[in-house]
Structure formats: structure tokens, C-alpha cells
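Keeping their order, the protein sequence lines are chains A and B.
According to UniProt numbering, the first sequence is numbered sequentially starting from 1.
According to UniProt numbering, the second sequence is numbered sequentially starting from 1.
Everything labelled a hint here was simulated from the structure, so no lab data went into it.
A couple of the hints might just be wrong.
Any copy will do: because identical chains look the same in the list, a pair fits if it lies in one copy or spans two.
Using 30 Å as the maximum straight-line C-alpha spacing, the simulated DSS-like pairs for lysine-lysine come out as follows [unchecked claim]:
1) Lys73 / Lys136
2) Lys136 / Lys101
3) Lys101 / Lys2
4) Lys2 / Lys69
5) Lys122 / Lys101
6) Lys69 / Lys136
7) Lys122 / Lys2
Number of protein chains: 2
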Amino acid sequence: MKLGRLNHVGVATPSIADSIAHYEATMGASVTMEPFDLPAQGVKVCFVDTPNSQIELIEPLGENSPIHKFLEKNPLGGQHHLCFEVPDIEEARAWFEGIGKRILGPTRTGAHGTPIFFLHPKDMEGVLTEIMESPKQAH
Amino acid sequence: MKLGRLNHVGVATPSIADSIAHYEATMGASVTMEPFDLPAQGVKVCFVDTPNSQIELIEPLGENSPIHKFLEKNPLGGQHHLCFEVPDIEEARAWFEGIGKRILGPTRTGAHGTPIFFLHPKDMEGVLTEIMESPKQAH
Numbered sequence: 001m002k003l004g005r006l007n008h009v010g011v012a013t014p015s016i017a018d019s020i021a022h023y024e025a026t027m028g029a030s031v032t033m034e035p036f037d038l039p040a041q042g043v044k045v046c047f048v049d050t051p052n053s054q055i056e057l058i059e060p061l062g063e064n065s066p067i068h069k070f071l072e073k074n075p076l077g078g079q080h081h082l083c084f085e086v087p088d089i090e091e092a093r094a095w096f097e098g099i100g101k102r103i104l105g106p107t108r109t110g111a112h113g114t115p116i117f118f119l120h121p122k123d124m125e126g127v128l129t130e131i132m133e134s135p136k137q138a139h
Numbered sequence: 001m002k003l004g005r006l007n008h009v010g011v012a013t014p015s016i017a018d019s020i021a022h023y024e025a026t027m028g029a030s031v032t033m034e035p036f037d038l039p040a041q042g043v044k045v046c047f048v049d050t051p052n053s054q055i056e057l058i059e060p061l062g063e064n065s066p067i068h069k070f071l072e073k074n075p076l077g078g079q080h081h082l083c084f085e086v087p088d089i090e091e092a093r094a095w096f097e098g099i100g101k102r103i104l105g106p107t108r109t110g111a112h113g114t115p116i117f118f119l120h121p122k123d124m125e126g127v128l129t130e131i132m133e134s135p136k137q138a139h
């Protein structure tokens, strides 16, 4: 295991539309993509590009969205998770399992279309951590 | 204002030493710098490099450290702030003041030796936001 790129910081929001307006008007971002639904994760998603990384805006999708609880505690939204890239998701999963870290659910397809899994924040110094296989092509 | 580099994600920890061990043993980071005290901010600091950004580990320094409260609520630690770069700190300060965002205290020297200030999370969609002038030399 070698620490990979910080692919994105996941930021929960009660309204992706409002957050896009915030990142554009306040922070000077240029958001060129349309938000999209990721039903497998129970979230609506939009990426905001920085020159070196991304902010992943996530809004609850459906009643069972895993971020409802987060927004109850943080009604304005806030930092939700960190996502690091790895070259091979299966190898990474075996690595974290081997050292006894709790993995939250199966490996599944993430917002960038590559396989991902999440690690329990209690095993990761309080940080909900997403591990993502790097896209095969540069992005 | 144009959205700049995500210089770092600030992660609070009750023990920088333990966190360095975690990032090295669990995440495969190579931490080459020694932690240092930043008395002006009331924190001890160490940077963990990812290929494209950094994690800033912060541990309370002194009784009045502003992160004591955060650690009371989050005893394991966790994501504390996001830091974005700007080319000119005074211009950025005037920009955020002009649009009515609350700035927390004076502009001061940050962990990278360049001027920084913080924006109130309630004005920034729940994200405590650090604005940092880019170092003059590439890093």
C-alpha cells in the first residue's frame, strides 16, 4: 500500500444546486458538469474541480440515503469523507482487511465509474475514508 | 476570485505521533518532516504528502488551542478544515469581506510560512475554510 492521490473531498449538502451556486459565486469555481444520481450510494453527486483535486458535493437521494443522519447533525452540510486513489481495488481491499480495518459493504462502482469501498471512520482516526481505483485514463 | 489549489485538508488528532504512525502503517504514506509547533494558531502541525495535495495533521498546543472543542466532540479526531490557495491574500480578504463572509481574526502566517485567514463555517456551507497565499516557489 502506497498513499495515492487525494481524488476528492466529499462534502455533504442539503442542496447541490445551492452548493454549486456557492462554489461558483463565492469561491470562483467553474462547475461544468450536471449533477447526477448515484442510486447505489443513495446520493446525488456533482464534482467541483480545483486545479489539483476535486470537491464531491453529495446530496441525499431517497429516504434511505446514508447522509441523512450526517445532515441532521450538520444541517448546513460539511466535510463528509476523503477519497484516496489506489492502482488496484482488490489488492487494496485485501490490504485493509489483512490489517483488521472494517470495510463498509461490498466493493461497488463509485461516482467516477471505477470500483470503490469505504473504511469505517472509527478505524481511520475519525475520517470516513473512501478508497477508489484510479481511472485507467488520465483525468 | 478563482478557485485555487486544494493545498491541504486539515485533520485534527489527539496525537500527531499516533497519526503519523497510522498514515505510514495503514495508508502507506512516507512522512519525512518533523512535526512543529505553530503557537500563533495553538496547534502542533505535520504535513503528510499525497501525490497531488497534503493532509495537515493538527494536534492541540496549549490549553487555549482552538481545536480542544473539536476533539471533545470528536475524540478520535477527524476532518477539521479545507485550505485553498490564492495568488494574493489581501485581494482575497477584500473579496470575502466584500461579499459579507465572516473572517475569523486577522491575516496571519500559516503553517507553510505564507499569509492565511479562516472563514466562518456557517458562511461556507458548514466547511471551516482556510485561504492561503500560494508560496512563491513551486512546492
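To see whether the hints hold, each was checked on the structure:
Taking the shortest Cα distances, Lys73 and Lys136 never come within 30 Å of each other, neither inside one copy (37 Å) nor across copies (40 Å). In the homo-oligomer, the alpha carbons of Lys136 and Lys101 lie at most 30 Å apart inside one protomer (27 Å), although the nearest pairing across protomers, at 40 Å, exceeds that limit. For the identical chains of this complex, Lys101 and Lys2 are intra-copy neighbours only, at 16 Å inside a copy versus 39 Å across copies, given an alpha-carbon limit of 30 Å. With identical chains, the CA atoms of Lys2 and Lys69 are never at most 30 Å apart, being 32 Å at best within one copy and 33 Å at best between copies.
Taking identical chains as interchangeable, the C-alpha atoms of Lys122 and Lys101 lie at most 30 Å apart only when both belong to the same chain, with a minimum of 9 Å there against 34 Å between chains. For the homomeric pair Lys69 and Lys136, neither the shortest alpha-carbon distance inside one copy (34 Å) nor that between copies (42 Å) is at most 30 Å. In this assembly of identical chains, the alpha carbons of Lys122 and Lys2 lie at most 30 Å apart only when taken from the same copy (21 Å versus 36 Å across copies).
Going through the hint list in order, the structure does not satisfy hints 1, 4, 6.
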